[in-house]
Structures are given as C-alpha cells and as structure tokens.
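S.K.: Spelled out, the chains give:
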Amino acid sequence: MTASVDPFKLEVIRHALSAIAEEMSLVVMRSARSPLLREAGDLSSALTDASGELIAQGRDIPMHMGVMSFTVKEFLKRVPAERLVTGDVWYLNLPETGGNHLPDVKAIRPIFADGALLAFAVSLAHWADIGGALPGSYVPTATDAWQEGLRLPPLRLFTADGPDREKLDLVLANVRGASEREGDILAQTAATRMADRRFQELCSWHGAQIVQTAMTMLHARAETQMREALSKLPRGTYEGEDWLDDDGAGGDPVPIRVRIELEGDHATFDFSASGDATRGPINTTPFIAAASVFYAIKALVGPDIQPNGGCYRPLRVITRPGSVLDPGPERPVVGGNHETSQRVADAIFRALEPALPEGLTAGGPTTSGLLLFAGRRGDGAWTTLYETHGGGEGARCDRDGMPVIRVHMSNVMNTPAEIIEAEYPIRVECQHIRRGSGGAGAHRGGDGLHREYRILVDDVSLTSMFERAVVPPYGLQGGAPGALFQVNVVRASGETYRMPGKANLRLAKGDRVIVESCGGGGYGASPES
Amino acid sequence: MSSGWQVGIDIGGTFTDVVAFQSTKGAVIQAKVRSRPEDPIASLLAALHAVGIDWEQVDDLMHGTTMVTNAIIESKLAQAALVATDGFADTLAIGRQNRRYLYRLDLPPKSEPQIPEALRIGVTERMDFRGHVLEALTEDVIEDTARKVAASGVKAVAVSLLHAYANSVHEERLGARLRQVVPYVALSHRVSPEAREFERTSTTALSAGVMPLTAGYLDRLEVRRPAESALHLFHSAGGMAEPDALRDLPLGLAFSGPAAGVSAAGWVANALGLDNVISFDMGGTTTDVCLIVGGKAEIRSDRSLGGRPLRMPTVAVESIGAGGGSIARLDTGALRVGPESAGADPGPACYGLGGALPTVSDADLVLGYLDARRPVGDIVLNRDAAVTALKPLAKAAGVELPALALGITRVATASMARALRRVTVERGIDGRDCVLLAFGGAGPMHAVELARSFGIGQVIVPCFSSVFSALGCVTAEMSYTQQRTVRMASDDWDQTRLDGIRIELMAQLAPLLESAGHTAPAVTEVAAVRYSGQSYAVEVTAPALANPDPLGEQFRARHQTLYGFAKDEPWELVFLRLTLSAPRRVHPNSFAAKPSGVVAPTRRTDCWFENEAPVMTPRFARDALGEGSRLEGPAIVEDDWSTVVLPPGATLSVDGSSHLHIDVGEAA
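Which chain is which? The protein sequence lines are V and Z, in order. Those letters in the first sequence? Residues 56 to 584, by the numbering used here. Those letters in the second sequence? Residues 76 to 743, by the numbering used here.
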C-alpha cells in the first residue's frame with residue numbers, strides 16, 4: 056500500500072520534475088553544435104515513469120507532446136526493460152516506433168533508484184542532417200522512407216563505460232557533418248546524464264517511493280482534468296473532414312476524416328476513413344495524430360490540462376494501417392509532420408461545428424508555408440534559408456481574424472528582411488498585408504501576407520512545401536473561405552510560373568518569388584449578401 | 076546653502092521609497108510613502124517630506140520611476156504616425172507572425188499594431204544591409220511626407236527605415252524636416268540601431284508614443300527643481316542619466332525600478348567581494364531575480380513590455396509571476412499558487428481592503444511570520460480575515476490551517492526555485508555556488524527556505540532591504556549605454572569602418588557625460604561575435620578591436636568556456652555595445668552599523684516551521700541589531716516594512732555595514 060502524497064508535496068515535486076526537463080533542454084541548447092538546436096531550439100526534453108508514460112516536458116511544444124508520450128512505450132516493446140542497465144543511453148528515430156520523422160532523434164536513458172527502474176529521461180533533438188537524398192534531409196520529392204535518411208532502430212550508443220565507438224561511427228558515417236553530429240549526440244547524452252543526477256537528488260530529498268507515488272498521482276490528475284474537459288463537450292457522434300491539396304508526387308487531394316464519439320468523460324477519435332498512404336512525403340504517424348487530438352481538446356475546453364501521459368487515458372485515437380495517418384515503415388513522412396498534423400486538427404474542428412460553433416475559429420493558415428532557398432553566399436559557402444510564411448487567422452463568432460499569424464500545431468517565427476538580406480543572396484522587395492484575402496462574413500477572416508524575394512545570384516535552388524493552394528481555409532456558419540495560398544515565380548525575362556505546393560526549381564539572378572499566403576475563413580453570413 | 080544631502084527616490088506603482096544620505100556627517104534616513112500615481116511630483120515631495128528634507132537642501136536628487144513602464148503596459152501612449160520604407164509600413168502589423176498563447180483560440184493572437192494603417196506612411200527610398208543607397212531619398216518625397224504627417228494631426232512620429240542602423244542619412248534628413256511640423260520625432264537609428272525591422276520599428280514607435288509624456292514630466296520637474304539641486308534619473312541599463320538625455324530616448328526609463336534594485340545588489344556584491352550573487356526581490360505580484368557576476372548584472376536587449384518588443388540595453392532581470400499577493404487554489408488534487416494575484420488592490424485578505432482570496436501573505440500571517448500587532452507601513456494586518464480566507468482551502472485539502480499555510484509557502488518557493496535554476500543554468504553557472512541577496516517586502520521572509528530548497532548555503536539581507544531600489548539610486552554610477560549592429564566578417568575585415576563606428580558611438584555618448592562635467596569617463600566595450608552562418612552570438616567583454624586576430628582568440632576562448640568547444644572557422648563581429656560611466660562625486664562607501672550591544676527580543680510569539688507544532692520564537696527589532704550581533708533560528712527580525720524569517724537551524728550575524736548574513740544551515 057503506497058502512501059498518498061499531500062497536495063503541497065505533489066505540486067513541489069511537479070515543479071521539480073518540470074525543472075529537470077527544462078534544464079535538459081538548456082543543456083542541449085548550450086552544448087549542441089547544430090545551429091537548429093542552439094538557436095531555434097528545435098528540441099524537446101521529457102521525463103517518463105518506468106512504463107514510459109510521459110510525466111514532464113521541458114517546454115510546451117504541441118507536436119512533441121504526442122511523440123514523447125509514445126516514444127518510450129514503443130521503445131519498451133522492442134527493448135524489454137530487463138535488458139536496461141544503469142548508464143545506458145539508447146538512440147532511436149524510427150517514425151513507426153513512437154516517432155514522427157527521421158531528423159528528430161531521441162536519446163533515452165533509464166533511471167534507476169534503489170536498484171529499481173523508476174523513470175526515463177528522453178532528449179529529442181532535430182539534427183541538421185540525417186543523411187538521405189539532399190543536404191538537410193528535407194526531401195519534398197521523396198517517394199520512400201530510405202530517401203529521407205538514416206533509419207535508427209533502438210541502438211545502445213552509450214553504456215556506463217562510455218560510448219560504443221563502432222556503433223557511433225556507423226551512425227556518423229551515414230550523416231553529413233559528422234563532427235557536428237557527434238557534438239549533438241554528446242549534448243543529448245549529457246542532458247540525460249544531468250537528468251539522472253537531478254532525479255537521484257529528488258529521490259534522496261523526498262524518498263524514491265514518494266516520488267513514484269507522486270508520478271502516479273500526477274498521471275491520475277491529468278486523466279481527471281482530461282475527463283472534466285471532455286465532459287464539457289456535448290455527447291454525440293460527429294463527423295468531419297478536411298483535405299490535403301496533394302502529395303507532391305502527382306496525387307489528388309487527400310481526405311483527412313474523423314468520426315468523433317463523445318461519451319461524457321471519454322471519447323473516441325476514429326480516423327479510419329482518411330485517405331490511403333501517399334507516395335509523396337505527407338504521410339505521418341499515429342503519434343502525430345494523437346498530438347493533434349490532444350491539442351484540439353486542450354484549445355477548445357481544457358487550457359489547464361497538464362501535458363502528461365495520463366491525459367490520453369480517456370481518449371481512443373484510431374488510425375487505419377495503410378492510411379496516410381498510419382502508413383507503415385516504408386512511406387516517406389517528412390512533410391506530414393507539419394502539414395498533415397494541421398489537417399487533423401482542422402478535421403476535428405470541422406466535425407464539431409454543429410456542436411459548438413462559438414468555440415471554434417474558422418480555417419486559418421494550417422500549413423507551414425515553407426520555402427527553402429539554397430544557394431552560395433559571397434564567400435562560396437552553401438547556405439539554406441528555411442522560411443515559413445504565416446497567413447490570415449480565421450474569424451470567430453465575436454471578432455475578425457488577425458492578419459499574418461501562425462496557428463494550431465506550429466508557432467515558428469519569420470526571418471526579418473534585414474537578416475535575410477545580410478545573410479543570403481536575396482533581397483526582400485516588400486512585405487505587406489495581402490489586403491482582401493480574408494474570407495467575407497459577419498466577421499471577416501484575417502488577411503494573408505504578401506512578400507517578394509528577388510534572387511541576386513545564379514543557381515539558387517527553391518524547394519516548396521505548402522498547402523492551402525488547392526483547398527482553401529474554410530469559413531464557419533456561412534462565412535466565405537479565405538483566398539488560396541499562392542507562390543509565383545517571375546523570371547528575369549518576365550515569364551511567370553505558378554509554383555506548386557511541393558516542388559523544386561532552379562532560380563537565376565533577377566528572378567522574383569512572390570508569396571501570397573492564404574487568408575483566413577470568415578464567420579457567419581456577410582451582412583451585405 | 077547646500078547641506079550635502081544625496082537623495083535616492085524610487086517611485087513605484089504602489090509605494091515610493093526614499094534613502095537620504097549625508098556624506099559629511101554620515102547620516103542616513105530611509106522612508107516609504109504611498110505613491111500618488113496621478114502626480115509623480117507629489118510622490119517626490121511626499122518622499123522628501125517623509126525624511127524631513129527640503130528639496131533646497133538636496134545636492135543631488137536621483138530617482139527611478141515606473142511612469143514609462145505603466146504608460147506602455149496600460150497602453151496610455153500618445154498617438155503617433157509611422158514613416159517607413161515603402162513596402163514595409165505594414166511590418167508593425169505583421170510582426171514575427173508568432174502567437175502569444177498556444178492554446179487560447181478566443182484571445183487575439185498578437186497585439187494590435189500601435190499605429191493604425193491610416194497613420195502608416197511609406198516613403199520611396201532604399202538602403203542595402205551594408206548601408207549603400209539603392210534608391211535615393213528625394214527632396215520631393217521628404218516634402219510630401221512632411222505634408223502627410225502635418226495633415227494627420229499627430230504630435231509624435233516614428234521614423235524607421237530599412238537598414239537605417241547601417242546608414243542613417245535618410246532618417247536624419249527626414250527627421251530634420253519632420254521636426255519642423257511635429258514636436259516629437261523618434262528616429263530608429265537613434266532609438267535602437269540594430270538589425271531586425273519589426274523589433275526596431277516597434278521600439279521606435281513606443282519611443283514616439285512616450286515622448287510627450289516624458290517631456291511633460293521632465294518640464295514640470297525642471298520648473299519645480301531648485302536651481303542649485305542636481306537631478307538624475309535611473310535608466311534601464313543600470314545607471315544614472317541626465318534628464319535631458321532621456322527626452323530623446325524615454326524608453327531608457329522602461330525598466331528603471333528593477334534596474335535600480337539590481338544596481339544596489341551589484342554595489343553590495345562588490346562591497347562584500349562576492350563573485351556570484353542572485354538578487355531576489357519578492358514583491359506583491361512579482362518576484363524579480365537577476366544574476367550578478369563579479370558585481371555586474373548582465374545586459375540584455377531582447378525585452379518586451381506590454382506584449383510589444385522593446386529592444387534597448389537593459390539589466391537582465393527576470394520576472395516571475397509569484398509574490399506575496401499570489402493566490403492559492405486547489406486544482407484537481409494539487410495546490411497551485413499564482414500566477415493569479417490579488418495585487419496591491421484589493422491585496423491579500425489580511426490587508427482588510429476587500430480581498431477575500433487566500434494568498435501567500437495570508438499564509439505568512441497565519442504562520443506567525445508576519446505579526447498582526449505590527450502594521451506593514453500604514454496597513455494594519457487582520458489575522459481573522461486571513462484565517463477566513465484560508466479555511467475553506469484547508470477544509471478542501473483535509474489538513475489543519477498551519478499545514479495548509481506551510482504548504483502554500485513551500486509551493487511558492489518551489490516555483491521560484493524553478494525560475495532560479497533557469498536564470499543560472501542558462502548562463503552556465505551552478506546556482507548552488509551563488510549567494511542569495513534578498514530584499515523587497517517579502518524577499519527576506521522566504522529567502523532561507525528558497526535557498527535551502529535550491530541548495531544555496533548563504534543568504535544576505537542587505538542594509539535598506541525594504542527601500543533597496545532607492546538605495547540603488549544613491550549608489551549608482553552615471554552611465555550611458557548604446558548598442559549598434561556592426562556585421563563584420565573575420566575574412567572580410569574593414570578596420571576603417573569599425574573605427575568609424577566606435578568613434579560615432581563615442582561621439583553619441585561622450586557629450587552626455589561631458590555636459591555633467593565628466594571628461595574622462597570609464598569605457599566598457601562588449602562585442603558580440605559568432606561563427607559565420609550562425610545567429611547565436613557570444614559576448615566578449617573588453618574586446619581587442621585593433622585587428623581581427625586577437626578578437627578571434629578572445630571569441631574562441633569564450634566559446635570554449637560557454638559551450639565546451641571552439642572551432643577555427645570564420646567568424647563575424649555582430650554588434651558592439653559601448654558603456655561610458657563616471658563615478659558619482661560623493662560615494663557612500665558604507666553605512667556603518669552601530670556596535671553590538673545586548674540584543675533582547677521585543678516579544679516572543681508562536682511561529683510554525685513544521686506541521687506538528689508551533690515554536691515559541693523570539694522577535695527582534697532590526698534597528699536594535701549591531702555589528703557582531705548573532706542570532707540562532709528560530710528567530711524573526713523585523714522593521715516597519717519587512718520581516719526576516721530565520722527558521723530553526725539557520726544562524727544570522729550582522730556585519731559592520733548593517734548587512735545581515737545568514738548561514739541557512741539545515742532544517743531541524
């Protein structure tokens with residue numbers, strides 16, 4: 056019989072666990088060598104209990120919440136707990152094993168106290184390269200998983216005695232920038248080592264038994280909070296769908312369909328009727344689908360839900376093997392991470408329109424609006440500008456949408472024109488609001504962005520990965536959809552080319568790239584119509 | 076005739092603190108009065124009255140103020156127009172495209188642009204990032220712009236042109252003409268000469284929006300000030316400035332109050348020879364913490380205020396949403412404290428001003444740390460009200476009242492410990508090697524418990540801890556700081572351009588000190604350097620700037636210290652920050668303590684440190700302690716405005732400057 060932990064100690068331990076996860080992230084940011092990790096902070100840290108149930112996250116990143124909630128559980132299916140010993144650090148990136156896409160590599164360290172497995176520390180970091188067809192491992196034209204890079208099943212790279220040199224060398228031989236990658240690996244390992252030390256301190260302060268009990272209670276608490284949130288939603292069965300434009304490999308629009316059964320304090324989200332897995336890289340994993348479900352509920356009715364594994368207990372998330380949300384190990388997934396995850400949230404919101412229209416926001420820029428410009432700098436070195444473009448926010452029952460913003464699963468900032476011009480052979484000709492692009496309605500959708508890039512050198516590669524170029528952001532309650540996302544390339548000769556959403560193109564000096572991001576959907580019928 | 080008083084006054088939102096120091100006689104007086112938010116000059120006069128000094132007797136009055144901070148937070152800004160490069164006037168509305176709240180669909184995702192579309196004026200001109208003119212600014216365009224601004228009816232205008240930090244000539248020409256049509260003109264290259272158009276434009280717009288308010292205040296001060304009495308204001312980067320220097324750059328006052336507290340903490344750290352100090356200022360709604368290494372606080376320029384970016388060099392104070400007024404509640408089986416706060420109005424339930432929700436201060440009263448028989452300033456504490464507020468929570472949690480109250484303080488402490496860890500780990504310092512310097516109303520009450528839970532061994536409660544920001548005004552140097560984007564690659568070095576930038580920076584700052592009679596100021600330079608192609612820069616103090624080689628050495632050494640590796644690859648000088656400072660003519664070296672006598676407690680009361688039972692705890696008047704006094708916990712040391720809690724196991728001693736040194740020991 057385990058003693059209960061009082062409400063104060065529970066909160067004190069919760070803060071301490073969160074502090075450990077936060078410190079892990081800081082360790083990675085301070086000591087990693089990939090600029091993505093040190094500057095953009097594209098990383099996540101977590102603690103789980105001995106069963107792999109997430110207990111604390113370093114920062115609240117909606118996308119990583121889903122991944123981290125499943126990584127250790129899926130890992131334990133492949134590596135039984137009996138094989139784990141103190142000092143192990145296992146590396147893993149398979150999307151189908153509690154993952155999302157190959158560049159997000161997870162380091163997992165088991166934490167023992169009093170001889171018993173008590174917890175895991177997990178450090179997820181986006182490596183600047185994981186091999187594959189293109190530098191940076193972002194391959195919009197990939198048609199299978201192997202083109203996307205090195206696939207790492209659970210691999211024990213460190214033991215208490217230090218690194219396993221042969222395995223480490225095998226990994227480093229298959230990625231670009233081996234010395235930088237080795238620095239990232241050391242940083243992730245250091246973060247998990249620090250977490251182990253802090254966790255031991257916590258156990259010696261409160262007692263391992265109390266810490267374990269507190270973890271159990273924190274899971275139960277998140278479960279209760281999720282049940283309370285679900286109970287605020289009206290019971291019933293709701294169906295909704297939204298569409299991905301295409302897969303970039305010649306396919307048609309792909310439906311994301313959800314059937315939601317709200318049954319009081321628990322619910323089922325069944326995505327079985329979604330489209331089949333695609334040839335192009337807009338597939339994603341069931342873990343990302345679960346992350347989107349969690350996001351949608353939290354945003355609609357549960358802003359105070361603590362993000363830990365307990366909140367998934369009242370939720371059933373069903374995906375159909377062979378579908379775009381459960382494609383199996385062979386399909387490419389790199390774009391699904393940030394495009395398809397958004398469409399899952401859209402489908403949920405659209406399903407709930409009959410039930411709670413006042414709680415919803417009309418369709419917005421649920422796409423990264425990603426353009427990658429790769430070219431040579433003045434000093435001859437290759438450089439890549441990885442730029443996302445926000446669009447107009449959808450309207451709500453009580454207000455217009457705001458212009459140029461990021462919504463739902465993503466919150467990445469833009470790069471200032473003054474930084475782009477200084478660091479890339481590109482001039483930003485203008486950036487202004489794309490007026491009139493928001494959908495009409497009793498409340499108008501927000502306007503998108505108009506930004507023009509002029510290319511100042513020859514031989515620049517432009518890669519696109521954006522959505523909402525075919526299927527526009529939807530209106531609600533009779534509001535009009537927002538304007539479509541469009542990118543036009545105006546050649547120095549004057550000839551204009553409409554850039555598809557997933558494509559690659561060579562640009563030459565004097566070419567202009569004109570981005571017009573999508574507007575938000577309107578809410579309610581227009582007064583004038 | 077002058078009687079030699081130096082007076083520091085910090086005008087906060089609720090209270091105005093004052094410290095008066097007379098160097099000739101070594102006399103020091105402190106006081107705290109209610110602020111008069113509607114009339115800051117009345118607050119100044121009330122503070123002087125409280126210490127019994129006429130303004131005519133004051134040699135130098137140095138003060139910090141929250142006036143600009145509050146105007147920005149409450150959006151009480153003058154309507155301004157914006158003049159921007161054609162095609163970029165919407166930058167203010169676009170921002171960085173990220174949203175404020177991850178999960179709040181109902182709330183607007185970003186601030187409305189400070190300047191509406193109708194007042195955003197595009198001008199035809201263009202610079203590149205090196206400051207080369209791509210498209211010239213014509214006289215016709217300038218005239219047309221002046222007409223539009225005049226027609227708009229505004230009194231203030233912000234001018235923010237692309238890459239103006241690299242070449243300011245277009246902004247200067249526009250500024251000269253616009254000053255003929257409106258009284259207040261803010262130019263981006265003066266306000267914030269750094270790359271990133273949204274942040275610079277936002278900062279410039281804020282500056283224009285607070286210029287009329289600041290100018291009006293300074294005018295009134297000037298009228299009221301006796302001719303022979305000097306006047307200085309405390310600025311955000313941690314020093315004193317002449318009032319006229321702030322007319323053009325009023326945002327220098329945006330973090331005036333917290334910066335003064337940190338400055339005093341740095342002064343104490345220097346005086347006591349402490350390498351690593353964390354300042355801990357716990358107030359009613361927020362707690363400010365700052366890491367001070369070698370007596371200097373770090374400077375940051377990536378701040379925001381009221382939801383808008385504000386890019387100016389400021390002391391790197393971190394604010395945590397936890398304080399004496401933080402509200403406790405039960406949430407699904409756990410006790411949460413804050414971030415909701417009862418603030419100063421209505422305040423904690425025990426203030427008896429209408430607050431009914433249980434707060435940290437109510438817990439402190441129930442635990443016996445605060446004494447209901449001893450008013451906090453002009454507030455008489457009501458223990459019954461505190462009990463009434465806490466009881467329902469105790470019942471819901473199924474515990475006795477003292478257990479609940481202890482729980483509230485421990486949870487508040489845990490959330491602050493988490494923030495301390497962030498502040499120290501981010502800067503590569505082990506917090507356990509630091510000394511916790513506690514001040515403000517509630518800091519000394521919770522410092523020992525915080526130190527213990529974080530693994531810190533020593534707490535110092537400095538002299539004047541309850542009016543510490545006012546002390547910071549008295550002890551600060553006069554200083555001016557400016558930061559400027561340089562962008563120079565190690566393999567494309569242009570020594571002439573770099574020398575030019577340094578001369579320009581010096582030319583901007585030196586006259587400000589010269590006008591106050593300082594012709595040989597101390598010069599501090601900081602260079603931000605990074606590897607080419609990365610955007611994360613490392614700060615090098617006292618950089619060698621005569622040629623690139625020694626700077627490269629310094630950069631690699633610093634990088635090695637911070638990140639554990641350094642590559643021999645091309646690097647880039649990103650920006651330069653220059654600080655000119657001059658010591659004040661009269662410097663209070665120490666505030667001597669009285670010699671120790673026999674210290675008897677004023678009374679003994681029950682205090683709770685553990686759930687089981689209260690401990691009969693002696694209470695001491697702080698001003699009865701003298702040099703060499705020693706106390707063993709449990710004990711309470713109190714004055715009119717603050718309470719030091721010494722739990723069992725901790726020991727306190729008083730040094731010759733009236734600082735209280737606490738060895739936190741171990742909980743019994």
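Don't read these hints as lab results, they were simulated from the structure. Just so we're clear, the structure is a prediction, and the values are computed from it rather than from any experiment. Be careful, since some hints might not be right.
What the simulated footprint calls covered on chain V by chain Z, stretch by stretch (three residues with Cβ under 8 Å from a Cβ of chain Z suffice, anywhere in the stretch; the number is not a length) [as the list claims (entries may be wrong)]:
#1 66-74
#2 448-455
Over the 10 Å line for every Cβ pair with chain V, so calculated as not near, a few chain Z residues [as the list claims (entries may be wrong)]:
#3 Gly101
#4 His124
#5 Trp130
#6 Asn145
#7 Glu218
#8 Glu274
#9 Thr407
#10 Gly408
#11 Ala492
#12 Pro625
Straight-line distance between alpha carbons at most 20 Å, and here's what the computed EDC-like set of lysine to aspartate or glutamate pairs gives [stated by the list, open to error]:
#13 Z:Lys642 - V:Glu507
#14 V:Lys287 - Z:Asp161
#15 V:Lys287 - Z:Asp574
Think of the CB as a built atom: it goes at the ideal place given N, C-alpha and C, for glycine as much as any other residue.
S.K.: Take the hints in turn and mark each one as holding or not.
M.R.: Hint by hint, here is what the structure shows:
no.	hint	verdict
1	66-74	holds (count 7)
2	448-455	holds (count 3)
3	Gly101	45 Å, holds
4	His124	44 Å, holds
5	Trp130	47 Å, holds
6	Asn145	26 Å, holds
7	Glu218	23 Å, holds
8	Glu274	8 Å, violated
9	Thr407	5 Å, violated
10	Gly408	5 Å, violated
11	Ala492	7 Å, violated
12	Pro625	22 Å, holds
13	Z:Lys642 - V:Glu507	36 Å, violated
14	V:Lys287 - Z:Asp161	49 Å, violated
15	V:Lys287 - Z:Asp574	65 Å, violated
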